[in-house]
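Enquirer: Chains as they are written, first to last, in the working numbering: chain Y, 1 to 1028; chain X, 1 to 457.
Hints listed in this document are in silico derivations from the structure and should not be mistaken for laboratory results.
Be aware that one or more of the hints could be misleading.
Unchecked claim - Cross-link-like lysine-lysine pairs, in silico, DSSO-like; alpha carbons within 30 Å at most:
{"id": "1", "chain 1": "Y", "residue 1": "K994", "chain 2": "Y", "residue 2": "K306"}
{"id": "2", "chain 1": "X", "residue 1": "K67", "chain 2": "Y", "residue 2": "K916"}
{"id": "3", "chain 1": "Y", "residue 1": "K246", "chain 2": "Y", "residue 2": "K379"}
{"id": "4", "chain 1": "Y", "residue 1": "K633", "chain 2": "Y", "residue 2": "K413"}
{"id": "5", "chain 1": "Y", "residue 1": "K784", "chain 2": "Y", "residue 2": "K379"}
{"id": "6", "chain 1": "Y", "residue 1": "K784", "chain 2": "Y", "residue 2": "K554"}
{"id": "7", "chain 1": "X", "residue 1": "K199", "chain 2": "Y", "residue 2": "K633"}
{"id": "8", "chain 1": "Y", "residue 1": "K819", "chain 2": "X", "residue 2": "K67"}
{"id": "9", "chain 1": "Y", "residue 1": "K369", "chain 2": "Y", "residue 2": "K723"}
Remember, it's a predicted structure, so these values are computed and weren't measured experimentally.
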Amino acid sequence: MTNDEKNNGGLVQIKTREDICPTKRLDLGTVREKIDAATAHDTAEKTGPEYWRSLEELAGSPAFQEALHREFPKGASEWLDTVSRRGFLKVMGASLGLAGMTGCVKLPLEPIVPYVRQPENVIPGKPMYYATAVTLGGYANPVLVESHLGRPTKIEGNDLHPASMGGTDIFTQASILGLYDPDRSQTVTSMGDVRSWQAFLGAIRGPLNVQKSLQGAGIRILTTTITSPTLADQIRNFQKIYPQAKWHVYEPVNRDNVLEGAKMAFGQPVETRYDFSKADVIVSLDADFLSAGFPGNTRYIRDFAKRRNPDSGNMNRLYVIESTPSSTGAKADHRLATQARDVEGFARSLAGAFGMSTGIPQASQEQQKVVTAVATELKNHRGSAIVIVGDHQPPVVHALAHSINQLLGNIGKAVFYTDPVDVNPINQAESLKELIADMSAGKVDLLIILGGNPAYDAPADLNFAETLKSGRVPLRVHHGLYQDETAELCQWHVPATHELESWGDTRGYEGTVSVIQPLIAPLYNGKSSIEFVALLSGQAEATGYELVRSYWQKQHTGTDFEQFWRKSLHDGWIESTAFSAKQLSAKNINEQTTLYTVSRDPIELNIRRDPTIYDGQFSNNGWLQELPKPMSKLTWDNAIQIGPKMAERLQLASKDVIELELNGKKVKGAVWIQAGHPDNSITITLGYGRTRAGRVGTAQGFNAYELRTSANPWIASGVKITKTGETYELASTQGMQSMETPDGGYRPLVRETTLEKYKEEPKFAQEEEVPKDITLYPDYHYEKETYAWGMAIDLNKCVGCNNCIVACQSENNIAVVGKEQTLLGRHMHWMRIDAYYQGDRDNPKAFFQPVPCMQCENAPCEVVCPVAATNHSTEGLNDMVYNRCVGTRYCSNNCPYKVRRFNFLLFQDWETPQYKMMRNPDVSIRSRGVMEKCTYCIQRINERRIDTETASVRENKDIRIGDELQTACQQSCPADAIVFGNINDPNSAVSKWKAQARNYSLLGELNTRPRTTYLAEVRNPNPELESK
Amino acid sequence: MSEQYKSSTELERAPVIEPGHTFGTVTEKISAIVLTRPATNGWFIGFGIAFMMTMMLLFALGYLFLKGTGIWGVTIPIGWGFAIVNFVWWIGIGHAGTLISAILLLLRQTWRNSINRFAEAMTLFAVAAAGVFPAVHVGRPWLAYWLFPYPNTMRVWPQFRSPLMWDVFAVSTYATISALFWFTGLIPDFATLRDRSEKRWIKMVYGMLSFGWRGSARHWHRYETMYLLLAGLATPLVLSVHTVVSFDFAVGIVPGWHTTIFPPYFVAGAIYSGFAMVLMLAIPIRKIYGLEDFITERHLQNSAKVMLATGLIVAYGYGIEAFMGWYGGDPYDAFTLWNRLHGPYAFWYWSLLSCNIFIPQVLWIRKLRTNPIALFFVSLVVLVGMWLERFIIVVVSLHRDFLNSSWGMYYPTRWDYMTYFGTIGMFLAAMFLFLRFLPAISIFEMRTLLPEAEVKE
């Protein structure tokens, strides 16, 4: 308890208790009672001793509570204002004082990681991999987690799982940081005060007993989207005990429109699944299916990218009709920038082209050209086309797409319908509305909020937070990862366990069940949702392991359950649980009514999930906050995206603060001029402006939920814009998003052509390559070495999803620097994705270019280092010796690619204990004043080298490293756009890529001879549209 | 020798020493500043301010060591900022002293005798001010000694291909030779001060510093030989130091750095700024200490002419840089030129051209060349201009290089300014102490300029 004593300044402060609360004296009677009660609990429950820090705490004196509140970072609300974020991070080492006090739980005796006793196969220094899953919006992202001696450190995609195939998305990659987030809620609290589980059980027992007699009529459970069969089973169990208890579902980024669209077309909720590997023509109606957050995106990116090979002869063609510019729009062969509310007209016209009578609105004159071209194209590719609609488009557009897909015979070939993955597919907005009505009517006695943060993210018109605050619900319980906005308004907060530290199960976008297995015992005293619901049903002792296992034991029909269970855990998914495709036929849509019969004049407001922090659940995740948004490269903030034309008309510049007003609600935010954004329309993203996110996420950006209504959650009309005259700094990580220079020059950084021209002139990208023999100095003969490492990046495949950046950050222990430092240009990403725009700024072409270190053979950085801290290896790597670096920064100045990153200050957190556990032990933590850079994951190369060399000796034959060696960026890339390996081996994948005609060196004319090369981009535009 | 003195005094130019002086008056006048003249309030105020600025430097450096280089405005892509700008600027200023002492000595430009001493002192202090930066600008200054080739248990040597490595040798050699040269020149004057001072402890101090100088013919013989040898050693250094400093940039591949014109144009620029600094110091000193007889119009004129000449070389350098930017056909170089003229730092580039090229052309006018106040301001403008030149080279070249995605802007912080002005304070404080405790003009060399010194055969 030394830690506790040190931190417990509360004891000192209590001397002044009389000043704060002069009348209230310590009641010795109460104290005695409480001590007795606590001791009784101890002997009775025996799950862990309950400590108290003073008699005053036991007595619950206000002075002590005051002292507690000041002493411990209860959401750390008051510190954020005065202390810089970095300073704060240091102070926060203290936060473990609490964990030490409450973390004394008996470890469960379950044969899982982490190990209490070291089993035979655990070798220090050798990581182990476990298959599990991480969810987003309910959908599973199947993963393999790298574990070093019981500490999960890195997440990889599960290559056996059809939803991943080895790729991941940014949220999945960053979930490891979420696990170790020191701001996570660590104890049960009541009204902000620390309590024990026993105290919570005691408090909830009474009300539950009362409800039993009422059949649970006063109980409401509010969850987020749930796909877990076990959890669903638990909730239904609970509902068996309390038959009148209602289960509501609300998640801000929900799929209500998809659901309603399916109902409209088929009369039942169905899940639509696509197979992009089968699609020759893809028409996206505002669907950003290539970015994280879209269910199934990891697999979709892989299938899509596979069809982007110009040499294969079956390159697909992507039409994107979209509002807010997205990475999907950037990859389009034809992008039509249109207001989101006009997509419906486009869809109706398109359906009309197939002979469906579809009513109004219709596409405009200009769009009609595209409609005709798209319709012709679709007709020519019957059975091998996909029409896909964005989640935020109204149900009727979804229904129309179903009809078109059916008419074209795409169903069963490229488009599939299955049962919904969501176990409770109800209209979530309606569900929440109903709950709030019940709450206001006083029908709710006990509200259990299971995950989610509705006080922050419920539609503004429903006044959820106010209703919660009003006290009309006598008992409110919040179960979640953070002491967030909702937790604040509930009497009881119960900490949840992270998915990486609990048992569970979940379904992928195609229905396959993944078993979630913990990688580590809960860091804090939390319970998983499954355990929590079981607890409410009276099974307080049930562990997650037992609950999940027994559920699947019930489901299992075969003979050997143990083998089935072990195989499922090993593979990370349960065989033959994928939903089979349904045979459905879509009704013809004759609906004349539309959401958007309003005039086109008012400004349209688009509200979208944020590309990096989603709906706000990742706002305390530093990796995601600092991850540049794919199109704008903004970090740490959301902005009001406005098209160039509109900004010019309104005389707005980026960073101007404007006020948006919609239905009487106002928010202020900074403008970002986004090339390609449609006119008379603006976009804001969710997830910012939080008040209780934690030290990282609190008070970043503005809260877009303020303008969000239940009727128009995504697209609204009539937003008013008022200039404020203020400005606000936005931190973008990219200096210039054009390959044109201000003097009118053009730099061919991303080389691009069309498929037709490519066929005529395949070597178009290699025009500026420098011949290798023009040098005065003798070359080093790399070809005589066993290995020469090289990398190739296919720009045609890269969809700019940012996944490689987070993977690199996680693998290489890269620091987060904060907004202020990012503003100065000091972000530390070793890998970045440059986004360039070209042409018409209202609808430009957009390009992504991932830039790791080029590992130049003639590296300009090496010759200028005065202390030889950066050297060339015989295998062609540009090595960086951190310990030798004195920090002259000359190498960075001389690096034409600017891939070197410098620790200008002490960017790494050396103190927070959680982060120490998170880091990759194979990569050193860089201190202040040291240059760092991409090393092609040299730790992985060397690990593999040791393996092959020992194997060579053991088996007495020459075993070489092959293509199984992957860098972190390559491994996690869902598009397979990065290939790395030995260029001395002509059969390696990288050698084959580099031999392609599209292969070119970035800035090759400098004769740096980069080992990282690019495969030039080849688009496949429709000649008919292109000529116009 | 005598021929030359005669001819120079016979010319219709201002004399290097006003008529009417004898050995005695020269010695008296110069040594009085140190020995008998009381320190004025003005000196205390001036020194006090300079001293406080030096303390500010220490504070800024203390905070730098505590926090890291990040307190400055440097970033990626602008890895070098004020620190390197200031370093090159100070080193450039430090050129005039050696040039005056060594090269003009070898060229037998006797007019140099009245300004060489404080020009050398200035060099020494400027090099000291410059020397602050390379050590502290690195990320881990406590390891800056790794730049020296010393035997160590790691058996790691510096990387001799790096121009920064060459810098270490060039600057440290230059500092050593300058100090030796300066001190050697002081020895006969230390002896004079020893002989003229009245208090015993002062006699002892100057006595020790004078190494037992007695003024014997043998002493003089050896002294002259050594002085000539040092001058011979120092002469190539004048050219080499700034050549090597210019390699820091010329060896890099950054557009705006990678050019062969840099060495000569850096040396010319260095002399340019060095003479500007000499004038900026000489003009107030001769006024305050009444040394107009020794530092005459002739010196001002000659310095102004050197400035005019080196200024034109610098202008030629800018011209060639611009020409090659256009003629070379390298799109990156062409853009760098465009960016200087029209980019976000265009104002500073045009200021640089005004300060270094346009305004100094007034020195063609004889009236202005001989007007101390006008000269003082032109020198100030040149010093500002030369600082801007280094800013343009270091910062503006870096801020927009090859990849458009990695362009950035440089915003100096208060710590940058504090460090910069701190070194100015340090330089001035040293100058104040020098004026107070050492003869600011070489006494014995001045005596050789008198007609009495002419030996009749």
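Enquirer: Evaluate each hint against the coordinates.
Expert: Hints, verified against the model:
Under the criterion of a C-alpha separation no larger than 30 Å, the hint pairing Y/K994 with Y/K306 is consistent with the structure, at around 18 Å. Our distance criterion of 30 Å between C-alpha atoms is met by X/K67 and Y/K916, whose separation comes to about 22 Å. A hinted pair counts as satisfied when its Cα atoms are at most 30 Å apart, and Y/K246 with Y/K379 does not qualify at roughly 48 Å. Among the hinted pairs, Y/K633 with Y/K413 is inconsistent with the structure: their alpha-carbon atoms are about 37 Å apart, more than 30 Å.
With a C-alpha separation of about 55 Å, the suggested pairing of Y/K784 with Y/K379 is violated against the 30 Å cut-off. For the suggested pair Y/K784 and Y/K554, the alpha carbons sit about 61 Å apart, so the restraint of at most 30 Å is broken. Our distance criterion of 30 Å between C-alpha atoms is broken by X/K199 and Y/K633, whose separation comes to about 73 Å. For the hint linking Y/K819 to X/K67, the alpha-carbon distance of about 18 Å falls within 30 Å, and the restraint holds.
This hinted pair does not check out: Y/K369 and Y/K723 have alpha carbons roughly 37 Å apart, beyond 30 Å.
Checked against the numbered hints above, the structure violates hints 3, 4, 5, 6, 7, 9; every other hint is satisfied.
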